[in-house]
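So you can see what is in the structure, the chains are spelled out below.
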Amino acid sequence: MLVAVAALSAAGCGSSSSGGKPDLVVSAAASLKDAFTQYAQHFQQARMRASFAGSDQLAAQIQQGVRPDVFASANTTLPNQLFQKGLVEKPVVFAGNRLVIAVPASGSKISSLADLEKPGVKIAMGSASVPVGTYTRKVLSGLPQADSSKLLANVKSNEPDVAGVVGKVTEGAVDAGFVYITDVDATDGKLKAVELPKSLQPQVAYGVAVVKGAKHPKQAQEFIDGLLGGAGQRALKAAGFEPPPAPGS
Amino acid sequence: MSAAALRAPALSRVRGWFPALLVLALAVALVFLFLPVVAIFTHTSPGKLISSLGDGSATDALRLSIETTAIAIAIIVVVGTPAAYFLATRDFPGKSLVVTLIELPLVLPPAVAGIGLLAALGPKGILGPALDHAGITLVLQTAGVVVALTFVASPFYLRQAQAAFISIDRSLFEASRTLGASEARTFLRIAIPGAVPGLAAGLALAWGRALGEFGATLMFAGSFRGITQTAPLAIYERFATDFDGALALSAVLVAVSAAILLTVKALAGSGAFGGAAR
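Going line by line, the protein sequences match chains Y and X. Count the first sequence with this note's numbering and you get residues 1 to 249, in order. Count the second sequence with this note's numbering and you get residues 1 to 278, in order.
Looking at chain Y on its own, in the form it has when it is part of the complex (with noise of 0.2 Å):
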């Protein structure tokens, strides 16, 4: 929502600092909230100043010339697009996540892809442009045409990041959504995943880089080491995130 005006406050902020340490402005999925919320408070070199959206967002933003310090998306694409641009430095790979249907808890009816496919079932998606709709659509199209007809005619919102998609099961407006495990275990047993079928489960990896004309380039490097290796890693790893996926397979 206001995104933007806070991204942009953020990063005309990012030089002020307090207790003599720098504002390190982090641009996050918003998958990684809870994650990089637990690594801030172990990251000793910067107060981490995030905002989380989702991460087609943010990398518009940076299109738009808002220069975050690091660039934090749940997928390997839209790093890649920028570095392409020349708009931040060489994406790494440091995150992997599984694709769910979320379900309330308890009294769902739904226990596989199938269910979503029947008639009056309610389902929440990410909008197409948003890593987690992306992934979705891949899933939807490994299916055969009549199902995943039948189970798109099922979609009642496109939400622009996962944490919609997540309200959207969450507050019962709907029956299932398409999240990540993360988003499940995040909920506190509010919601539980339905598995998707192994030979549909698409990759889900997560790429960070240091932006170009980033405030504090050295902390945000320092910021990327702990999520290859270190609390930041293990803050990952206590959210349930997956070790990065190795690529090719």
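Hint data in this document are derived by calculation from the structure and do not stem from the laboratory. Keep in mind that this is a model prediction, so the values were computed, not measured. All C-beta atoms, glycine included, are put in the ideal place defined by N, C-alpha and C. Please note that a few of the clues may not be correct.
Stated by the list, open to error - Derived DSSO-like pairs (lysine-lysine); straight-line CA-CA distance at most 30 Å:
(1) 109/Y - 138/Y
(2) 124/X - 150/Y
(3) 124/X - 190/Y
(4) 85/Y - 48/X
(5) 192/Y - 124/X
(6) 124/X - 118/Y
(7) 190/Y - 237/Y
(8) 124/X - 109/Y
(9) 33/Y - 85/Y
(10) 190/Y - 33/Y
(11) 215/Y - 109/Y
(12) 21/Y - 218/Y
(13) 192/Y - 118/Y
(14) 150/Y - 190/Y
(15) 21/Y - 190/Y
(16) 33/Y - 124/X
To be verified - Calculated Cβ distances over 12 Å to all of chain X for the following chain Y residues:
(17) 60
(18) 86
(19) 96
(20) 110
(21) 119
(22) 124
(23) 147
(24) 148
(25) 174
(26) 199
To be verified - FRET-style restraints, in silico, Cβ to Cβ:
(27) 46/X - 246/Y: 46 to 56 Å
(28) 213/Y - 75/X: 43 to 53 Å
(29) 119/X - 107/Y: 19 to 29 Å
(30) 46/X - 199/Y: 41 to 51 Å
(31) 133/X - 192/Y: 25 to 35 Å
Place chain X on chain Y using the hints.
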């Protein structure tokens, strides 16, 4: 030295710099408020703007925005006009509390409005089971968009309408009643015609607010093309992938909002627009 002697030169100096300060403040306000609007139209070429509107999702979003705001405004005017008249013409204990409650959505963040609507009318909300029993679903439906718009926009109308009724000369009401007219007749024949400029101003403000609604709509009604994705939601979605498309849709929304404002102003008669607002 007497106090008067001290004050005189100070006052004459004030005459010089103070008006200049006022002009400067106005200039800053104008540039700040107008620059983003100008930028929407100049950031890209008109040809690109028009071609970006060619795809169906843009026209779907605009159509939905016009329809849902028109319905919301109709509801607001039909219910809000008598409610505002009551507040303007009656005194009762707790009136200031009622007025404050009515104005509260003015200062609520849209996200709070969205959460509030869910807590009240969502499937797990206070009235959720009752609505479900009656077979009414609001979330993720076009009706839910209308509810969200009505919630955030109605205070703009209620406030303005109340002020408009208050500003009518009391003696007109008394004369009407002395001549034997019922209160309903007085309301229809004296109060409403007298308040038209203020009512129109409120209508324009409420309509503009409804057209721009984003947060409460997204949280309560979701975002689905043709059903709940209004123009602001479509702009947000396009921002990620198609900046020109987002600009084009924004330009249309600016034009529609300005057209509503100007039309209502013209209908209400020039000069009278702001009069009743006080």
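Each hint tested on the structure:
{"no.": "1", "hint": "109/Y - 138/Y", "result": "holds, 24 Å"}
{"no.": "2", "hint": "124/X - 150/Y", "result": "holds, 27 Å"}
{"no.": "3", "hint": "124/X - 190/Y", "result": "holds, 13 Å"}
{"no.": "4", "hint": "85/Y - 48/X", "result": "holds, 22 Å"}
{"no.": "5", "hint": "192/Y - 124/X", "result": "holds, 18 Å"}
{"no.": "6", "hint": "124/X - 118/Y", "result": "holds, 23 Å"}
{"no.": "7", "hint": "190/Y - 237/Y", "result": "holds, 21 Å"}
{"no.": "8", "hint": "124/X - 109/Y", "result": "holds, 17 Å"}
{"no.": "9", "hint": "33/Y - 85/Y", "result": "holds, 27 Å"}
{"no.": "10", "hint": "190/Y - 33/Y", "result": "holds, 18 Å"}
{"no.": "11", "hint": "215/Y - 109/Y", "result": "violated, 50 Å"}
{"no.": "12", "hint": "21/Y - 218/Y", "result": "holds, 13 Å"}
{"no.": "13", "hint": "192/Y - 118/Y", "result": "holds, 20 Å"}
{"no.": "14", "hint": "150/Y - 190/Y", "result": "holds, 27 Å"}
{"no.": "15", "hint": "21/Y - 190/Y", "result": "violated, 37 Å"}
{"no.": "16", "hint": "33/Y - 124/X", "result": "holds, 25 Å"}
{"no.": "17", "hint": "60", "result": "violated, 5 Å"}
{"no.": "18", "hint": "86", "result": "holds, 18 Å"}
{"no.": "19", "hint": "96", "result": "holds, 23 Å"}
{"no.": "20", "hint": "110", "result": "holds, 16 Å"}
{"no.": "21", "hint": "119", "result": "holds, 15 Å"}
{"no.": "22", "hint": "124", "result": "violated, 7 Å"}
{"no.": "23", "hint": "147", "result": "holds, 20 Å"}
{"no.": "24", "hint": "148", "result": "holds, 17 Å"}
{"no.": "25", "hint": "174", "result": "violated, 7 Å"}
{"no.": "26", "hint": "199", "result": "holds, 29 Å"}
{"no.": "27", "hint": "46/X - 246/Y: 46 to 56 Å", "result": "holds, 50 Å"}
{"no.": "28", "hint": "213/Y - 75/X: 43 to 53 Å", "result": "holds, 49 Å"}
{"no.": "29", "hint": "119/X - 107/Y: 19 to 29 Å", "result": "holds, 20 Å"}
{"no.": "30", "hint": "46/X - 199/Y: 41 to 51 Å", "result": "holds, 49 Å"}
{"no.": "31", "hint": "133/X - 192/Y: 25 to 35 Å", "result": "holds, 27 Å"}
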